[in-house]
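**Q** Below, each chain spelled out in residue letters.
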Amino acid sequence: MSVDAQSRIATTGPDRPFAESARLARLAAMTRGELEALQLRKLRRQLARLQRSSTYYARRIEQARIDPETVTLDAFRDAFPFSNKTDFLADQTGHPPFGQRLGIPREEVALVNMTGGTSGQGQEIYGRSQRDIHTQGYLHALPWYMAGLRPGDIAFNCVPAGGLTTGGWGPGEGLRIIGATAFHVGGTLSTDAKIDLMQRIGEVNFIYASTNYLHTLTEALLRRGLEPKRAFPTMRTLFIAAEGYPLEWAQRIQALWGCRLQEGYGSTQCAGFGASTCADGAVTDSGGRGLMHLFEWETLFEVVDPATLRPVASGEVGELVVTNLSIEGSPVIRFRTGDAARFVACRDTGFGRPWHAIECGTIGRFDDMMKIRGNNVWPSAVDAAIFAGRDIAEYVGRVYTSEEGKTEVEVRVAFADHVPADPAVRQRLLEDVRAAIKNKTNVWMTVVAVERSELPEFTYKARRWKDERQKGYRL
Amino acid sequence: MRAVQDPSDPADHDHVILARMLADAERLCGTRDALMVGQYKHLHGRIAALVEITRPTQEAGA
Chain A
0 MSVDAQSRIA TTGPDRPFAE SARLARLAAM TRGELEALQL RKLRRQLARL QRSSTYYARR
60 IEQARIDPET VTLDAFRDAF PFSNKTDFLA DQTGHPPFGQ RLGIPREEVA LVNMTGGTSG
120 QGQEIYGRSQ RDIHTQGYLH ALPWYMAGLR PGDIAFNCVP AGGLTTGGWG PGEGLRIIGA
180 TAFHVGGTLS TDAKIDLMQR IGEVNFIYAS TNYLHTLTEA LLRRGLEPKR AFPTMRTLFI
240 AAEGYPLEWA QRIQALWGCR LQEGYGSTQC AGFGASTCAD GAVTDSGGRG LMHLFEWETL
300 FEVVDPATLR PVASGEVGEL VVTNLSIEGS PVIRFRTGDA ARFVACRDTG FGRPWHAIEC
360 GTIGRFDDMM KIRGNNVWPS AVDAAIFAGR DIAEYVGRVY TSEEGKTEVE VRVAFADHVP
420 ADPAVRQRLL EDVRAAIKNK TNVWMTVVAV ERSELPEFTY KARRWKDERQ KGYRL
Chain B
0 MRAVQDPSDP ADHDHVILAR MLADAERLCG TRDALMVGQY KHLHGRIAAL VEITRPTQEA
60 GA
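Taken in order, these protein sequences are the chains called A and B.
Numbering that gives the first Met the number 0 puts the first residue of the first sequence at 0, with every later residue one more than the last.
Numbering that gives the first Met the number 0 puts the first residue of the second sequence at 0, with every later residue one more than the last.
Bound conformation, chain B alone (with noise of 0.2 Å):
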């Protein structure tokens, strides 16, 4: 099942971009820096929350 986007929404204009972040974030978590692993898995985190919380309320063939 596909979600729908529509950029023009800003809802999920929103969720595009925390979706973007969301993957930054993960590759931020690849760091072997021991002292901002933990940091970045708790930014990692919340933008995960704040993607879900924002992702499109209808889905294709909805």
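Chain A on its own, in the form it takes in the complex (with noise of 0.2 Å):
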């Protein structure tokens, strides 16, 4: 990060999250012991009221043998069942809307979520309470707080806002809550529109986007020939959510932008960020990847190996599973996300919390692996590859299946603008791409470039991959 970036962190309160509030410094000063005893104790209580308000889970409880009023933490994670979408989907289908998870009356539903559906297996539908309303702002503004958010900053959020989702009530909810002066702009605006917002304001101190669309915003700017640090001298936090990024990608981000980069990881099942960065930022000092802290007190994390849903060690990578402690409206218990993340116990952390952590900048899906000519390959693998360098704007990826019948995979990519037009140059460039997702995935893939404008602008997640090889298998 530039000298001009780290001075300006220094000098802002927003840097010392546990010295503004004694509530945060107390959950950060508690022994490991301390914050399994709390999570606990809202486990049992939350297990308790569903026994009595859930059949879904009532069943479970029964199927797991054990007393919500005596469980221990050891005891139901070796015995609560696993949930997951398939279970949400057919108890849905079998009592509509909500399910039978639903736990609270239907008539004290105040606001249904559903997930985006981009599985293509079906939406979740979740019913909130009133007091779950709170509790996504809460997990919301919890985040943004630690990451420099403070009453009073002008934000810009980039995701878009109302609809069905999560992320579309809980952060205006949050924003609202912590007493930012808050600009719904995600979904509503062009990205040109929102520059015009942005300089016309002038003072924005938060910008909450997807990864993606951050690169997005980053690009438009550079492309209208506005330096972000210079156009926004006040920025003090780029907060991205929703997809893994190279870590040249981000040092890149904090040097145009002058700023920390900061990270969450949230989803419909945690109602809201399960874990973010803290003032330190998804960038050490040192350079490396950052961790994002999890919120234990109010989600009870496992990170399991999906094959024998174990437990994985500290360093390793796992699927992500979730149990809600405070949500009481179709809370989530022991559900498996299907997310793969890096895990970080709180003792190889270095912070001296009792939080345990995720990497931050490398949350993949175990369900959006590619099987390619018997190679594992991850979108995120590949957008490791491609981002790397400054010179690829954006790019697209297919699968599909000859005409000889070969799994191929054409990689169609669109320059940054300040790539000389030099058919020497760009025809070099390509090739570096081309070993570049070699080394990251040990699949030969065909790049081609494109005009930028052949290519889809994502607003919130990107959907770079088409997986088109039963296209091919036609007789």
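These are calculated hints, taken from the structure and not from any lab test.
Treat the numbers as computed from the prediction; the structure is a model and nothing was measured.
Think of the CB as a built atom: it goes at the ideal place given N, C-alpha and C, for glycine as much as any other residue.
Any given hint could be a false lead.
Among the chain B residues that face chain A by a calculated CB cut under 8 Å, a handful are [what the hints assert, rightly or not]:
#1 L17
#2 R19
#3 A24
#4 L27
#5 G29
#6 D32
#7 M35
#8 Q38
#9 H41
Could you fit the two chains together into a complex? Lean on the hints.
**A** Listed below in structure tokens is the structure:
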């Protein structure tokens, strides 16, 4: 990070979240044993309530042969059955619209949230109570507070607001209850119109965007000849979520904007964010990947090997399993998210807090993995290869079956504006990208250049890949 | 002008409770905890709106 950025961070009060919140400081100062005792008290209360109010969970409690009043964390993790998306969709189909896991009287549902439906399997439906609405707001306000957002700050929310998703409602509530001055520009203004508005307002302190959209916004600023840190010198926090990214990209973003990049891990199942960076950011001072600290007093996290379902060791990648400790409407209990994360035990974080953590920038999905010519290929790995440099603005990928029946992969890339039009230069860059992809995935892919306008502009989660292999199986 | 409050009237009863809650919320807003102060102000605002909504319809001398 630049000296400019470092000095700006050092002189701003919001760099000291624990000094400014006694409540957060107390949570950070607990021993691991004290934190687990708090988790257990909340878990017992949650299970006892659900035993009375949710047929779905009462059945699972019976199946686990546990008593909510006396269960231990170990016994819960050993015996309580997992749930997954398929279980929830079956529950909803049998008992529409919320299923028997709702856990509150239907007339107490004050907000309906649904998952995005990008898996293609169907959308989970969640009924939230009035209490949950505040909790969802808190689970957005908390990570943003930790990342430097303060009452009175001007915040731009680039994630589309409203609609049916948690991501549509939680940010608005979170910004409102932290006392920020929020501009909800996601989904309503074009990228250029957002930049125009930001310039008119001038003193913007905070941006919340998907990883991909922050890339798009930065790219658009540069295209207009604007250097972000000069155009918005009061920017303190760039907060991203939803997608992984190469470390080099994060470093470049920080250099361009002159402030810390911060990241959160969230989902509808977490009712907002379940983890985030703190003042330390997504990139460490030594240039490595930062850590997202798990809000374990609100959500019980497990990180398991998806094959054995046993906990992974510190430093290993596993599947996140979540249990809501405070949410009362449609809570999730031992829900398998399908999200892949590198787990770091609290003793290995170096922060001295009792909170376990997950690594920044490497959250992926176990289910978006593509098996290509015998290799496990995650889109995030290709992202890392392509965006490690500054020369590619965007790309899309397609896996298909050739007329000869072979699996082929085509990657269409658009060069960044600064790349010279010289065909020899561009050809060499394409070859470099091809080699970088091979290095990350062990798969040779065909890389071709297209105009930027031929590729989509992703406003939220990037969906860069299409698997069209089955189309080629026609006889 | 003084508001007429009849504790036996359910609407006035609500107003009295809310006015008490508003005073408590005001005290919470005095916190120096930067994570909580916005949430307390949010709560205070919601209660203040309900205090207005439930304000007695009859005023003294009306």
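**Q** Is the hint on G29/B kept, meaning its closest Cβ partner in chain A is under 8 Å away?
**A** violated, 14 Å
**Q** Taking the least C-beta to C-beta distance, is L27/B closer than 8 Å to chain A?
**A** violated, 12 Å
**Q** So, M35/B near chain A? Judge it on the closest CB pair being under 8 Å.
**A** This hint holds: M35/B lies near chain A, its Cβ roughly 6 Å from the closest one there, short of 8 Å.
**Q** For the hint on H41/B, does the least C-beta distance to chain A fall short of 8 Å?
**A** holds, 5 Å
**Q** Should the interface hint for Q38/B be scored as holding, given a Cβ-Cβ cut-off of 8 Å against chain A?
**A** holds, 5 Å
**Q** Under 8 Å, Cβ to Cβ, is where D32/B needs to be relative to chain A, so tell me if that hint holds or is violated.
**A** Nearest chain A Cβ about 5 Å off; hint holds.
**Q** Can the hint on A24/B be confirmed by a CB-to-CB distance to chain A that is less than 8 Å?
**A** The hint is violated - A24/B has no Cβ within 8 Å of chain A, the shortest such distance being about 13 Å.
**Q** Does the closest beta carbon of chain A sit nearer than 8 Å to the beta carbon of L17/B?
**A** violated, 16 Å
**Q** Going by Cβ atoms only, is R19/B closer than 8 Å to chain A?
**A** violated, 21 Å
In terms of the numbered hints stated before, the structure departs from hints 1, 2, 3, 4, 5, listed from lowest to highest.
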